Amino acid sequence: MADELQVIEEARPEEIIARGYTFGTVTDQIAAVVLSKHTPIFWFACFAVAIGLLLGFLLAVGALFTQGLGVWGLRGPTMWAWDITNFVWWVGIGHAGTLISAILLLLNQSWRNSINRFAEAMTIFAVACAGMFPILHLGRPWLMFWLFPYPNTMGIEPNFRSPLVWDVFAVSTYATVSALFWFVGLMPDLGTLRDRATNPLLKVLYGVGAMGWRGSARHWAVYETASLLLAGLATPLVLSVHTVVSFDFTVGIVPGWHSTFFPPYFVAGAIYSGFAMVLALAIPLRSVYNLKGLITDKHLDNAAKVMMATGLIVGYSYILEAFAAWYGGNVYEMAAFWNRMTGPYKVQYWVLITCNVVAPNALWFKKFRSSPVILFIWSLIVLVGMWLERFVIIVASLAQDNLPSSWRVFESTRWDWLTYLGTIGLFTFLFFLFVRLLPMISIFEVRTLLPSAKVKGKGAH
Amino acid sequence: MKQPIYGVMAEFESPTALVTATRAAVAKGYKKMDAYTPFPIEELSDALHLHRNKLPLMVLIGGIIGGMLGFALQYFVTVMYYPINIGGRPLLSWPAYIIITFELTILFAALTAVFGLFALCGLPMPYHPTFNVPRFEFASRNRFFLCIESTDPLFDRAKTCEFLETLEPREVSEVAH
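Order-wise, the sequence lines are chains A and B. Everything in the first sequence is counted per this note's numbering, starting at 1 for the first residue and increasing by one. Everything in the second sequence is counted per this note's numbering, starting at 1001 for the first residue and increasing by one.
Note that these hints are calculated values from the structure, not bench results. Check each hint, because a few of them may be wrong.
To be verified - Where chain A lies over chain B, by a calculated footprint (3+ residues, C-beta under 8 angstroms):
hint: 1; stretch: 1007 to 1018
hint: 2; stretch: 1031 to 1037
hint: 3; stretch: 1040 to 1049
hint: 4; stretch: 1088 to 1102
hint: 5; stretch: 1115 to 1127
hint: 6; stretch: 1140 to 1146
Claimed, not checked - With the C-beta cut set under 7 angstroms, the calculated list includes, among others, these residues of chain B facing chain A:
hint: 7; residue: Y1082
hint: 8; residue: I1106
hint: 9; residue: T1130
Since the structure is predicted, the reported quantities are computational estimates derived from the model, not experimental observations. Glycine included, C-beta positions come from ideal geometry on N, C-alpha and C.
Assemble the whole structure, with the sequences as input and the hints as a guide.
Here it is in structure tokens:
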């Protein structure tokens, strides 16, 4: 609208939204990404790579189905390796989205308003990628419904005392609740898109998604209650999910797994890698779509601080892990830990220490935190480091377990690589579809950040 | 008796103007009204007395049902339907049930929160009279609307329009059914 054309200033370092935005310009800018006919070359390039990797994933899954799990390089005693590593890595990445959308909402951190939408989308797609691995690893994935308790002619039921069954419930609940929370957040913005779209087909499609949302004050009042309740439910849920994931290991008696501090250690690692993924997505997106006024340097700075804080917790856990192995006096634990540091996986171990313990300390300095390029590189370092961490915990412990006569070094195959890269393709594919089809920033929540959203005068709080 | 129109609607340019107008309408004695805004406004909920709703109670009940179902499911399977004796350990191994009980509590509570939200708002609602106002599409962008409905005992097509005009709106329009 011509009456609202205003100059949007560049955001200052301490601002979470640039000056000069109005309700109208915020709406138009975010909606334009979706409604415009123009698609940036960057989008096409990323989407093409994603489709390529996704096809690779289909190929890898085809090979797996026709030839069996042996194509993955799984040999006794390492009967799960990359698959469970990738599962934990992807689930962990998802957790930052819930942290941003739920925990930061409860803590009244309004800067989250412009990054929560795409972070939540990241959660859902990451969980979808994570879910692939346990299912593919079943051996007969088409029978995956056996994981759920249902009356069946075989007369058997899942073992509710097993962490693997807990995992089924935790991850499927997490996926469901995340998707619901995401949809509830989208509903008012779908209403906006319905009203802004000029193409009749799009109007109908967004209208169906918005379900008749009309911004009624009565609805908003219930909506706010629902958002807070969902945030309050998602908060313990997200902590429980990675706790349960860590139970997959701690409940076993494999040396290097059997310890009580895994749950908090895993949760911290999850949020650490998740914030790395948030940065890795936000930094290119805000440049390509010119959203630097909405996702400002302050957001990157805050995300980097969270990343560093959780990184320090992870570093502390590594120290504690070594200490517990030594102080516990158990020869198997000590041997397992010694093997981890000096054995066949020593390269991976020391690289992960460099990525997760040494690298994040650079973020103490404002100079590093204020450079998007450095933050982008650092987030990739953290993602690599956290993948290696899970790999070393899982594979180094299994390959050299309690019985030296059965030891065997795990060797990955090209199918391991292709399956893993394939899920990165799946994630990117889904994420870029989301960026093109749905508003990647929560429009209505950004409106509340504007100074003009405050009610002035008598009775205002 | 069905009223000839749904109500009359005034359009405002700022949240402050809308909240002031809503307070004035409440003070005037109107009861059947609703405001339409592009984002939630706390003061508006105050003015319309909307701070209490049934959703928290529904979610509590949903969560309790989910938790009980989760525990009952595991009890039934491990103790009655498919008991397995492992070294004489008790069949009712409740500490192992905690996690699934917790997860189902959250799942049912969250489902109740979302579907309770839809139910309390009457969504999905494919048609609503307010969408007949051409400028209402700005309610999801940057405009703020107050609609006094024709079912209100004080409603009078001309007088209510006149009253809304005194609140300095950008525009007042009638909302057809």
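Verification of the supplied hints:
1. 1007 to 1018: holds (count 3)
2. 1031 to 1037: Since three or more residues must qualify, the claim that chain A covers the stretch 1031 to 1037 of chain B holds, with 4 doing so at under 8 angstroms.
3. 1040 to 1049: It holds: at least three residues are needed, and the stretch 1040 to 1049 of chain B offers 8 whose Cβ sits within less than 8 angstroms of chain A.
4. 1088 to 1102: holds (count 6)
5. 1115 to 1127: Held - the stretch 1115 to 1127 of chain B has 10 residues with a Cβ nearer than 8 angstroms to chain A, which meets the minimum of three.
6. 1140 to 1146: With 3 residues in contact (Cβ-Cβ under 8 angstroms with chain A), the coverage given for the stretch 1140 to 1146 of chain B holds.
7. Y1082: 5 angstroms, holds
8. I1106: 5 angstroms, holds
9. T1130: Nearest chain A Cβ about 6 angstroms off; hint holds.
Consistency note: the structure conflicts with none of the earlier hints.
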